[in-house]
Amino acid sequence: MFNNDYILSVTQLNEYVASMLKRDILLENIGVRGEISGLVKHSSGHVFFSLKDANALVRCTMFKQYADQIRYKLPLSDGMQVLVRGGAMIYVKDGQFRVNVRSIEREGSGAIFERFSELKKRLEARGLFDEAHKKALPYLPQCIGVITSPTGAALQDIINITRRRFPDMNICLCPVTVQGASAAGEIAEAIRFMNRKKRADVLIVGRGGGSIEDLWAFNEEIVAQAIYDSEIPIVSAVGHETDFSISDFTADMRAPTPSAAAELCVPLYDVLAEKLDRCQDSILASVQKTIELKDSCLDSIMSSAVLASPRNILESYKTRLDSGNKALASLIRGAADRARERLGSLTAGLEALSPLGVLERGYAVVKNEKGDYSSGVNALKVGEEANIIMNDGSVLVSVDEIRSGANEKR
Amino acid sequence: MKKGEKSFEEALLELEQIADKLSKGNIPLEDMMKLYEEGQELGKYCKKLLSAYDKKLETAEVKLNEG
Chain A
1 MFNNDYILSV TQLNEYVASM LKRDILLENI GVRGEISGLV KHSSGHVFFS
51 LKDANALVRC TMFKQYADQI RYKLPLSDGM QVLVRGGAMI YVKDGQFRVN
101 VRSIEREGSG AIFERFSELK KRLEARGLFD EAHKKALPYL PQCIGVITSP
151 TGAALQDIIN ITRRRFPDMN ICLCPVTVQG ASAAGEIAEA IRFMNRKKRA
201 DVLIVGRGGG SIEDLWAFNE EIVAQAIYDS EIPIVSAVGH ETDFSISDFT
251 ADMRAPTPSA AAELCVPLYD VLAEKLDRCQ DSILASVQKT IELKDSCLDS
301 IMSSAVLASP RNILESYKTR LDSGNKALAS LIRGAADRAR ERLGSLTAGL
351 EALSPLGVLE RGYAVVKNEK GDYSSGVNAL KVGEEANIIM NDGSVLVSVD
401 EIRSGANEKR
Chain B
411 MKKGEKSFEE ALLELEQIAD KLSKGNIPLE DMMKLYEEGQ ELGKYCKKLL
461 SAYDKKLETA EVKLNEG
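Sequences listed follow chains A and B, in order. Last residue of the first sequence: 410 in the numbering used here, with the numbers rising by one and none dropped. Last residue of the second sequence: 477 in the numbering used here, with the numbers rising by one and none dropped.
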C-alpha cells in the first residue's frame, strides 16, 4: 500500500505501528523471562526497569497499581531473575516498545518455592489450616472414598492395604487427573461430588511421587478450599514422605504415602473382632464365676448350724414326746391294773353275794307263773304254776296250798 | 448408618464397660442378669455392623455441576 514516497507525520507513524501491535492478541498478555537491570523506583510509585537476556533487552514499566501489590512480597533488585506478565506495546508518545508489567514472579529454582510459601502464608492466614476445624476420622467407616488417578500406583497401594486390613471394606473411586492444567479443578469437583453424594465416610485425596510442578495441583487454592469445606473427613496423601503440599496442611490428616493413608482410614478387622470376642468371653466368665460363688454361698448357708438346728429341736421335741407317751402309757397301765384288781375283788365279793352262789349252798329260788321272782308266798297263787330254781336245775310245780306265816328272822 | 443409631464405636465402648463392671463383681444377681442380656444385645449388634460389607469397588464418574 505504501511506497517509499508516502510521507507520514511522526504521530501517524507511531499510531500506525501501535495499532498494529494492539491487534495482536498474543501481545496483550504475555510472559517474558529475563533479568532485571536499570531498576528505577520512581517517587510516583511507578517502577521502571529493563528486562534482559544474553542478547537483547526490552524496557518495562510497572505502574503503581501493580507495583504496590508486590512491593513487600517481592522486593525488586537488579540482577533478579524474574518472569513478568503483561502487555507488549508501543507508546505513541515516544515510539518506545515496552512491556506494561502487571505481575512479576521470581524465576529460577527459588521461584516455585516462593509461590508455595506465599500461598501457604495466605491460606493459613485465612484459617484454612486451623486445627480446630479438623475432623476426626471415623472409627469404622462404611466406605472409603479415593480421589486419585485411576492408572497410578497410588490407587493400587490403597486398594491392597485396604483389602489386607479389612477384606470386605467398600471402596468408591472417583478418578481424576492429578497433574496439568485441569487437575486442580477436577480434584476440587471430585471432593464436592463425594460430599453431595455421601458415597463415603472418609476420603483419601492424593497421588504418587513427582516433582513440585507435578504435584502443584494439590497446592492450588481451589483444592484447599474444597478440602476445607468438605464435611467428610479427608486424608491427604500427596507424593513422597518428604513432599508437603497445601492439601496436607488443609486436610484433616496427612499421610506420608497413599499406603499410609489406607492404614489411617481402614481399621483392622481382626482387631475389632477380637475385641468383641474378648468382651463377650469376659462377660460370660464373670457371670459364671458369680453364679458359682453364689451357689457355694448357698450351700454353706444350707449346711450351717442355723438351718440344721430346727431339725435338732424337732428331734428333742420328738424325744420328749416319746418319753411323755411312755410315762402316760405306764400310768394308764398302772391304773388299769389297779382297776382290774379292784374289779376282781369286787367281782369276788359280788359273787359271794350272788343268789346263784346261794343256790350252790342248797337254797332254791322261786319264780311265779309270770316269771317274776317271788320273794314270798304272796307272789304265788293257788292253782298257778311256779318254777323252783335249784342249783342243778329247775322244778315246775303247781301250787296246791299256800301256808303263810313268815319265818321270823333271828 | 442412620442418625440416632449407635455407632460401632459407641456400642463397643458400652460392651467393654459392661464387661468391666461384671468383672469387678459385687453386683446383685438381678442386675447382673440384666447387664448380661444387654451385653448379648450389644455383642450381636456389633457383629452385625462388622459384617455389613460388600467388598464393593465402584467407580463414580463425576459429572460437573450435577445436582
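Derived by calculation from the structure, the hints in this document are not laboratory data. Honestly, I wouldn't trust all of these hints.
Unchecked claim - DSS-like mimics (lysine-lysine), calculated; alpha carbons at most 30 Å apart, straight line:
| # | chain 1 | residue 1 | chain 2 | residue 2 |
| --- | --- | --- | --- | --- |
| 1 | A | Lys41 | A | Lys135 |
| 2 | A | Lys198 | B | Lys431 |
| 3 | B | Lys465 | A | Lys135 |
| 4 | A | Lys135 | B | Lys434 |
| 5 | B | Lys444 | A | Lys135 |
| 6 | B | Lys466 | A | Lys198 |
| 7 | B | Lys457 | A | Lys275 |
| 8 | B | Lys431 | B | Lys458 |
All values derive from a computational prediction rather than experimental measurement.
How the hints compare with the structure:
no.	hint	result
1	A:Lys41 - A:Lys135	violated (48 Å)
2	A:Lys198 - B:Lys431	violated (38 Å)
3	B:Lys465 - A:Lys135	holds (26 Å)
4	A:Lys135 - B:Lys434	violated (36 Å)
5	B:Lys444 - A:Lys135	violated (36 Å)
6	B:Lys466 - A:Lys198	holds (15 Å)
7	B:Lys457 - A:Lys275	holds (11 Å)
8	B:Lys431 - B:Lys458	holds (24 Å)
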